[in-house]
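If you read the sequences in order, they're chains A and B. The numbering of the first sequence is the numbering used here, which starts it at -16 and goes up by one. The numbering of the second sequence is the numbering used here, which starts it at 92 and goes up by one.
Derived by calculation from the structure, the hints in this document are not laboratory data. Just to be clear, a hint being listed does not mean it is correct.
Covered stretches of chain B, going by a simulated chain A footprint (3 or more residues, C-beta under 8 Å) [stated by the list, open to error]:
hint, region
1, 118 to 132
2, 141 to 150
3, 170 to 184
For every residue, glycine included, the Cβ atom is placed at its ideal position computed from N, Cα and C.
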Amino acid sequence: AQTVTQSQPEMSVQEAETVTLSCTYDTSENNYYLFWYKQPPSRQMILVIRQEAYKQQNATENRFSVNFQKAAKSFSLKISDSQLGDTAMYFCALQKAAGNKLTFGGGTRVLVKP
Amino acid sequence: DAGVTQSPTHLIKTRGQHVTLRCSPISGHKSVSWYQQVLGQGPQFIFQYYEKEERGRGNFPDRFSARQFPNYSSELNVNALLLGDSALYLCASGYRWGEETQYFGPGTRLLVL
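Extracted from the complex, chain A is given alone in its bound form:
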């Protein structure tokens, strides 16, 4: 069974500052994918960033970057230069390579303050 844990229920950050969200996971698979999804108040689930477990290089997408520590089963998300539009729930998710099932964490609510 796969599990994903997000230990921070809520975080706040000042506009233009940096915030880091934590995620730990457990899986017996060697090949898998990790994702961060953003869910604003509109409830639309939006892909933020994806990391392949076989890649050592950490993924980056503009202001979003991850710190992937495979041995520690840790996958944190860093949001740089936070903007008001980043206010949302952020979900960490795990997907086995053989299949399309996503296992989600409980989410972290991020509030960007002006």
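Given the structure of chain A, go ahead and fit chain B onto it with the hints provided.
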């Protein structure tokens, strides 16, 4: 290109009724998955389909069923609705089986009274 679409956007039902939710994947995508998201929690996997075949099922009762049509759209059916079925139902589509990023629709918000 249009994204994943779901209908209806909102729905109110009473206990014991039946509901059908619909999902159209991104054009060219052959995989559809369904998730239930109860308020304040992360989404929980219900079903996944690829090429019109069920490829996985989550820990949900038999009141939940689904199917995928030849055009790759999908329906989720829930019978004998319970208050606890009130949730946001999300559909996600992917191009192929495995090793694939999935993209979500806007969801259907179901309220059971």
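Three-residue Cβ test at 8 Å for the coverage of the region 141 to 150 of chain B by chain A: holds (count 4)
Given coverage of the region 170 to 184 of chain B by chain A, tested with a Cβ cutoff of 8 Å and a minimum of 3 residues: holds (count 3)
Residues of the region 118 to 132 of chain B with Cβ under 8 Å from chain A, three needed, outcome: Result for this restraint: holds, n = 4.
Every hint, counting from the list given before, is met by this structure.
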